[in-house]
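Each chain, written out:
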Amino acid sequence: MSIAPASIVPPSVTEIRGIDEGPHKAKQADLGEAFANALTEASNTEKTATHSAERFAKGDPTMGIHEVMIASEKANIEIRYATTLKNKAIEAYRELMNTQV
Amino acid sequence: MSTTDFFTAMEVSASGLSAQRTRMNVASSNLANAQTTQAAGGGPYKRRDVVLSSVDVPGMQGSDFSAAVKGVAVTQISQDTNPPRLEYDPGHPQANAQGYVAYPNVNPVEEMVDMITASRAYEAGITAMSTAVNMAEKALGIGR
Numbered sequence: 001m002s003i004a005p006a007s008i009v010p011p012s013v014t015e016i017r018g019i020d021e022g023p024h025k026a027k028q029a030d031l032g033e034a035f036a037n038a039l040t041e042a043s044n045t046e047k048t049a050t051h052s053a054e055r056f057a058k059g060d061p062t063m064g065i066h067e068v069m070i071a072s073e074k075a076n077i078e079i080r081y082a083t084t085l086k087n088k089a090i091e092a093y094r095e096l097m098n099t100q101v
Numbered sequence: 001m002s003t004t005d006f007f008t009a010m011e012v013s014a015s016g017l018s019a020q021r022t023r024m025n026v027a028s029s030n031l032a033n034a035q036t037t038q039a040a041g042g043g044p045y046k047r048r049d050v051v052l053s054s055v056d057v058p059g060m061q062g063s064d065f066s067a068a069v070k071g072v073a074v075t076q077i078s079q080d081t082n083p084p085r086l087e088y089d090p091g092h093p094q095a096n097a098q099g100y101v102a103y104p105n106v107n108p109v110e111e112m113v114d115m116i117t118a119s120r121a122y123e124a125g126i127t128a129m130s131t132a133v134n135m136a137e138k139a140l141g142i143g144r
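Those protein sequences? They're chains W and Z, same order as listed.
Take the first sequence: its letter number 92 is residue 92 in our numbering, and every next letter is one higher.
Take the second sequence: its letter number 119 is residue 119 in our numbering, and every next letter is one higher.
No lab work stands behind these hints, which were simulated from the structure alone.
Some hints here could point you the wrong way.
[To be verified] Straight-line distance between alpha carbons at most 35 Å, and here's what the computed DSBU-like set of lysine-lysine pairs gives:
no.	chain 1	residue 1	chain 2	residue 2
1	W	Lys88	Z	Lys138
2	W	Lys86	Z	Lys46
3	W	Lys88	W	Lys47
4	W	Lys47	Z	Lys138
5	Z	Lys70	W	Lys47
6	W	Lys47	W	Lys58
7	Z	Lys70	W	Lys58
8	Z	Lys46	W	Lys58
[As the list claims (entries may be wrong)] Facing chain Z, a subset of chain W residues (Cβ under 10 Å, in silico):
no.	residue
9	Gly64
10	Glu73
11	Lys74
12	Tyr81
13	Thr83
14	Leu96
15	Asn98
16	Gln100
The model shown is predicted, which means the values in this text are computed figures rather than measured ones.
Using N, Cα and C, we set each Cβ at its ideal position, and we do this for glycine too.
Starting from the given sequences, assemble the full structure and let the hints guide the process.
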């Protein structure tokens, strides 16, 4: 049995697709804006949570235990999301400030 | 939006929890009234049953696959149409001409099973909710 020698062709990069600078540059993510949005959202959810806890305490029959718990859990997640964004922004700022010149 | 997708799972679980709570209320109503011979509208108490329907989740309308993801809601509390249980007790104030008293068509064993099912379903809903919360917390911890 004879085996034909394989012709090895080294791989070469002929073209790179998918890198398009134009629209990417125009739409830059603004961390500050994202943080502001997250903070507004967190504030709203926190208000809703407080409101539902108040209604539960006042004996509103439509407000059960789990509704109150869920509302406060949502507020918890939203606030932690806002805090995480804040931490990331500060971290990035510190990283830049520590640049050796 | 950012956190809304995790909240969708929470909203769906919340609707399930509310539905199971209503089921629990109905089961306890049936158990409490298992011996009630006089109900509003005449005759003995009739066993109640919940009718569950899938409904759209609030705040989910604009998002992807909003038609596919459904919450649950109690849309009706129906009355069991089975005939009442007749017991011979001529001295009872509600006894009929033949001396029989009509008791509710409630089977306490059935109600106990209903309560256990509702309790387990409630636990399952809470587990689903905790998993969604855990996922959100894991997502917040990316890169830490």
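Hint by hint, here is what the structure shows:
Between the alpha carbons of Lys88/W and Lys138/Z the distance comes to roughly 16 Å, so the proposed pair stays at or under 35 Å and holds. The hinted pair formed by Lys86/W and Lys46/Z fails the criterion: a straight-line CA distance of about 59 Å is larger than 35 Å. Taking the CA atoms of Lys88/W and Lys47/W, the gap is about 25 Å. The hint holds against a cut of 35 Å. About 25 Å separates the Cα atoms of Lys47/W and Lys138/Z, which keeps this hinted pair within 35 Å; it holds.
The suggested pairing of Lys70/Z with Lys47/W holds, with an alpha-carbon distance near 27 Å, which does not exceed 35 Å. For the given pair, Lys47/W sits about 16 Å from Lys58/W by alpha-carbon distance, which is consistent with the 35 Å threshold. Restraint check for Lys70/Z and Lys58/W: satisfied, since their Cα atoms lie roughly 31 Å apart, inside the 35 Å limit. Restraint check: the Cα-Cα separation between Lys46/Z and Lys58/W comes to about 33 Å, which is no more than 35 Å; the hinted pair holds.
Annotation: Gly64/W was flagged as interfacial toward chain Z, and the flag holds, the nearest CB pair being 6 Å apart, inside 10 Å. With its C-beta approaching chain Z no nearer than about 6 Å, Glu73/W sits inside the 10 Å limit, and its interface hint holds. The interface hint given for Lys74/W is met, as the beta carbon of that residue sits about 6 Å from the closest beta carbon of chain Z, less than 10 Å. Interface hint status for Tyr81/W: upheld, as the beta-carbon distance to the closest one in chain Z is roughly 6 Å, under 10 Å.
Taking 10 Å as the C-beta cut-off, the interface hint given for Thr83/W holds, the closest approach to chain Z being about 9 Å. Because the smallest distance between the Cβ of Leu96/W and any Cβ of chain Z comes to about 18 Å, over 10 Å, the interface hint for this residue is violated. Violation of the interface hint for Asn98/W is found here, the shortest Cβ-Cβ separation to chain Z being roughly 19 Å, above the 10 Å cut-off. Interface restraint check for Gln100/W: the shortest CB-CB distance to chain Z comes to about 24 Å, outside 10 Å, so the restraint is violated.
Of the numbered hints stated above, those contradicted by the structure are hints 2, 14, 15, 16, listed in ascending order.
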